[in-house]
Amino acid sequence: AQSVTQLGSHVSVSEGALVLLRCNYSSSVPPYLFWYVQYPNQGLQLLLKYTSAATLVKGINGFEAEFKKSETSFHLTKPSAHMSDAAEYFCAVTQWNFGSGTKLNVKP
Amino acid sequence: DAGVTQSPTHLIKTRGQQVTLRCSPISGHKSVSWYQQVLGQGPQFIFQYYEKEERGRGNFPDRFSARQFPNYSSELNVNALLLGDSALYLCASSLGEGRKAFFGQGTRLTVV
Numbered sequence: 001a002q003s004v005t006q007l008g009s010h011v012s013v014s015e016g017a018l019v020l021l022r023c024n025y026s027s028s029v030p031p032y033l034f035w036y037v038q039y040p041n042q043g044l045q046l047l048l049k050y051t052s053a054a055t056l057v058k059g060i061n062g063f064e065a066e067f068k069k070s071e072t073s074f075h076l077t078k079p080s081a082h083m084s085d086a087a088e089y090f091c092a093v094t095q096w097n098f099g100s101g102t103k104l105n106v107k108p
Numbered sequence: 109d110a111g112v113t114q115s116p117t118h119l120i121k122t123r124g125q126q127v128t129l130r131c132s133p134i135s136g137h138k139s140v141s142w143y144q145q146v147l148g149q150g151p152q153f154i155f156q157y158y159e160k161e162e163r164g165r166g167n168f169p170d171r172f173s174a175r176q177f178p179n180y181s182s183e184l185n186v187n188a189l190l191l192g193d194s195a196l197y198l199c200a201s202s203l204g205e206g207r208k209a210f211f212g213q214g215t216r217l218t219v220v
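Chains as they are written, first to last, in the working numbering: chain A, 1 to 108; chain B, 109 to 220.
Check the hints yourself; a few may be wrong.
Simulated DEER-style distance windows between Cβ atoms [as the list claims (entries may be wrong)]:
| # | chain 1 | residue 1 | chain 2 | residue 2 | range |
| --- | --- | --- | --- | --- | --- |
| 1 | A | LEU20 | B | LEU190 | 37 to 43 Å |
| 2 | B | THR122 | A | LEU56 | 48 to 54 Å |
| 3 | B | ALA188 | A | LEU20 | 40 to 46 Å |
| 4 | A | SER12 | B | ALA188 | 38 to 44 Å |
| 5 | A | ALA1 | B | GLY204 | 21 to 27 Å |
Simulated from the structure, these hints should not be mistaken for laboratory data.
The beta carbon of each residue, even a glycine, is placed where N, CA and C say it ideally should be.
Taking the hints into account, I'd like the entire structure generated from these sequences.
So this is what it looks like as structure tokens:
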């Protein structure tokens with residue numbers, strides 16, 4: 001079975017600070033891993049996708065994620081938070097198994 | 109290019125009624141997936157269709173059914189609605205499994 005666990009349902013950072021959203025996965029086979037962002041009352045938008053080509057994956061809007069097999073992790077980071085990053089972020093393994101989400105709040 | 113379109117955007121139904129939600133994928137996409145997102149939770153996978161055949165089914169009761177048409181559009185049907193069916197229903201299309209999925213803005217279903 002494949003699943004993901006997102007640690008922290010709410011994360012709050014100051015504008016300009018590092019963003020770190022945590023995701024751990026469980027998979028018996030090499031996984032496809034995804035990060036999505038959801039703004040209020042909207043669908044999901046793909047930020048980035050891991051497909052085993054490279055362990056560090058760069059996505060849109062300055063986000064990146066690093067695949068660490070030894071830690072079964074795929075944490076999402078952004079060096080400097082912007083107010084427009086405030087949204088809910090979902091980690092997923094395959095297209096079918098989503099985490100419960102992390103709401104990111106960015107303080108001015 | 110048009111993205112994934114879902115209709116209606118909002119609807120309100122009464123317990124016990126039936127509802128049909130519609131999804132038009134991006135042109136050229138043959139895979140459509142449906143998800144239920146209850147407020148405060150992540151999307152839960154309901155169905156995937158590829159080339160008009162069901163390729164995956166999540167842990168939902170038989171009250172939920174879907175189909176994909178020759179033009180690759182899709183419908184999700186839910187019978188005997190329960191209050192717990194109130195959610196945002198998302199449709200996503202892609203070229204196939206493992207490929208980038210594009211989501212519609214969803215249909216907000218409220219069951220009263």
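### Query
Is the distance from the Cβ of SER12 (chain A) to the Cβ of ALA188 (chain B) consistent with 38 to 44 Å?
This hint holds: roughly 42 Å between Cβ atoms.
### Task
Can you let me know if the beta-carbon spacing of THR122 (chain B) and LEU56 (chain A) is within 48 to 54 Å?
holds, 51 Å
### Task
Note whether the CB distance of LEU20 (chain A) and LEU190 (chain B) lies within 37 to 43 Å or breaks it.
holds, 39 Å
#### Entry: Outcome for the supplied range 40 to 46 Å, where the beta carbon pair is ALA188 (chain B) and LEU20 (chain A)
Hint holds: Cβ distance 44 Å, inside 40 to 46 Å.
### Task
Given the hint of 21 to 27 Å, check if ALA1 (chain A) and GLY204 (chain B) actually sit that far apart at their C-beta atoms.
holds, 22 Å
When each numbered hint is compared with the structure, no violation occurs for any of them.
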